[in-house]
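Asker: Sequence:
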Amino acid sequence: MASICNSLTLPPKLSFNPSPICSASISTSRSPKTRPTTPLSSSSSSTRSVKDDPKSPEPISIDNLRRFFDLSIGRWHGSFHQFDAKGKLMQKVSTKLAASSYGEDELISLIQTLYIKQSPSSTSISRHDEEPEWAEYKIKETNMFTADKYQQIAFFPNERAFSLRYQTAGMLETVLRQGVLGEDDTGEESPKNLKLPSRRPSIVCENCLYSQEKDRRARAFHIMDPKGILEMLLIFLEDRGDGVPFHPSLESNSDSTNRILPLLGKWKGHSQTKRSGVYGATIAEADTIALLEMDGKGQLIQVKRHTKFLSFHFSYFFTCFFFSFLFKYLWFMKTRKICLSCPGRERKFACNVVLAIHPLLQSLS
Numbered sequence: 001m002a003s004i005c006n007s008l009t010l011p012p013k014l015s016f017n018p019s020p021i022c023s024a025s026i027s028t029s030r031s032p033k034t035r036p037t038t039p040l041s042s043s044s045s046s047t048r049s050v051k052d053d054p055k056s057p058e059p060i061s062i063d064n065l066r067r068f069f070d071l072s073i074g075r076w077h078g079s080f081h082q083f084d085a086k087g088k089l090m091q092k093v094s095t096k097l098a099a100s101s102y103g104e105d106e107l108i109s110l111i112q113t114l115y116i117k118q119s120p121s122s123t124s125i126s127r128h129d130e131e132p133e134w135a136e137y138k139i140k141e142t143n144m145f146t147a148d149k150y151q152q153i154a155f156f157p158n159e160r161a162f163s164l165r166y167q168t169a170g171m172l173e174t175v176l177r178q179g180v181l182g183e184d185d186t187g188e189e190s191p192k193n194l195k196l197p198s199r200r201p202s203i204v205c206e207n208c209l210y211s212q213e214k215d216r217r218a219r220a221f222h223i224m225d226p227k228g229i230l231e232m233l234l235i236f237l238e239d240r241g242d243g244v245p246f247h248p249s250l251e252s253n254s255d256s257t258n259r260i261l262p263l264l265g266k267w268k269g270h271s272q273t274k275r276s277g278v279y280g281a282t283i284a285e286a287d288t289i290a291l292l293e294m295d296g297k298g299q300l301i302q303v304k305r306h307t308k309f310l311s312f313h314f315s316y317f318f319t320c321f322f323f324s325f326l327f328k329y330l331w332f333m334k335t336r337k338i339c340l341s342c343p344g345r346e347r348k349f350a351c352n353v354v355l356a357i358h359p360l361l362q363s364l365s
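Numbering (full-length UniProt numbering), first residue to last: 1 to 365.
In short, the hints are calculated from the structure, not lab data.
Just to be clear, a hint being listed does not mean it is correct.
DSSO-like cross-link-like pairs, simulated, lysine-lysine; straight-line CA separation at most 30 Å [to be verified]:
#1 192 to 138
#2 138 to 92
#3 88 to 214
#4 96 to 117
#5 140 to 96
#6 117 to 88
#7 88 to 297
#8 268 to 86
#9 140 to 227
#10 214 to 268
Label pairs and their calculated CB-CB ranges [to be verified]:
#11 287 to 92: 39 to 45 Å
#12 243 to 132: 17 to 23 Å
#13 107 to 195: 35 to 41 Å
#14 148 to 295: 37 to 43 Å
#15 183 to 226: 27 to 33 Å
#16 130 to 266: 51 to 57 Å
#17 192 to 265: 42 to 48 Å
#18 186 to 70: 37 to 43 Å
#19 213 to 268: 20 to 26 Å
#20 226 to 141: 23 to 29 Å
#21 149 to 295: 40 to 46 Å
#22 167 to 70: 24 to 30 Å
#23 125 to 211: 39 to 45 Å
Just so you know, even glycine gets a beta-carbon here, dropped at the ideal spot from N, CA and C.
Use the sequences and the hints to build the structure in full.
Answerer: Shown next as structure tokens:
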């Protein structure tokens, strides 16, 4: 797995021609109850690289795991959004999440319960003063074992960001079924007017970015079908606490071609790749430079260079929906960016570029 952390040098003004991680336990309640939170001592020690401590094979240290838990615990409330592969908003569901921790040292664990606002039944008559029904979904615990073996968490404590992988899309499917179908869900595999994730997806990845100014975060998921084709994008926009969240509208906007411009320029960062094999694991590190440019045909060109003189060249065709999609989350997190990426193959070893994220050096106009 390779984790990349990048910073951006803004260019001058440009122009161009246009193992399951989640359990399946669901119950329904009218008022969600949160678990008591175990206070954790805030750690101020710096992040250590695996390369600096060869005796420690864990990709995430206990100290960083505690800091990861500190970022996650609390009561979160917000909204869940489903987009198709072209960035079109398909569904929106209100959600809440309660997270707490227990245990000490290597036995520390994170427990999370997701609450999904159920869609009312089409056959029943509900009153305006009636409290909504909330479906409860218990997420499997996160600990040292699951973080290493299943989730492969990449955590950036200074940037307040992380990414991880899932083996199924069970949690996301449950949110869609309960939030869109509710009591009308008959359990059929392909319900009418609702796009569900594949039962056997090839990729389910989560990339999360926390605001540096507010108790706010964006958790972005992307799912690829068994053939490796992007199937859908799903976003949780969440605030911690009991306040009323204010989130931007995520409806598609056709007038969004020029919104890719703030993402262009030179990105500098550092990558760390872990290769697993029969005879153990090795670590490779390198400084990286990524150039994002737009040619005259409206094609995005990316050239990534490493200090070891390796160079990769990528070309992308983007349409208006993708410009709009990126810009809205850039606006939501103000001066921070989130990159949805997925595993690929680099030479003959598996390389999972899970995150490319960093605060901007200056505010965007």
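Asker: So, for every hint listed, does it hold in this structure?
Answerer: How the hints compare with the structure:
1. 192 to 138: Since the Cα atoms of residue 192 and residue 138 sit roughly 26 Å apart, the hinted pair holds (cutoff 30 Å).
2. 138 to 92: This hinted pair holds, its Cα atoms lying about 21 Å apart.
3. 88 to 214: holds, 28 Å
4. 96 to 117: Cα-Cα ~8 Å, so holds.
5. 140 to 96: Status holds; Cα separation ~16 Å.
6. 117 to 88: holds, 22 Å
7. 88 to 297: Satisfied, since the Cα-Cα distance of roughly 23 Å is no more than 30 Å.
8. 268 to 86: Answer holds: residue 268 to residue 86 is near 29 Å, not above 30 Å.
9. 140 to 227: With a Cα-Cα distance of about 27 Å, the restraint between residue 140 and residue 227 holds, given a limit of 30 Å.
10. 214 to 268: Holds. Residue 214 to residue 268 sits at ~26 Å (cutoff 30 Å).
11. 287 to 92: 39 to 45 Å: Hint holds: Cβ distance 41 Å, inside 39 to 45 Å.
12. 243 to 132: 17 to 23 Å: holds, 19 Å
13. 107 to 195: 35 to 41 Å: About 40 Å separates the Cβ atoms of residue 107 and residue 195, which means 35 to 41 Å holds.
14. 148 to 295: 37 to 43 Å: Given range 37 to 43 Å: holds, Cβ gap about 42 Å.
15. 183 to 226: 27 to 33 Å: holds, 31 Å
16. 130 to 266: 51 to 57 Å: holds, 55 Å
17. 192 to 265: 42 to 48 Å: Holds, at about 45 Å.
18. 186 to 70: 37 to 43 Å: holds, 41 Å
19. 213 to 268: 20 to 26 Å: holds, 24 Å
20. 226 to 141: 23 to 29 Å: holds, 28 Å
21. 149 to 295: 40 to 46 Å: Holds - the Cβ-Cβ distance for residue 149 and residue 295, about 43 Å, lies within 40 to 46 Å.
22. 167 to 70: 24 to 30 Å: holds, 26 Å
23. 125 to 211: 39 to 45 Å: Check passed, 41 Å falls within 39 to 45 Å.
Of the numbered hints stated above, none is contradicted by the structure.
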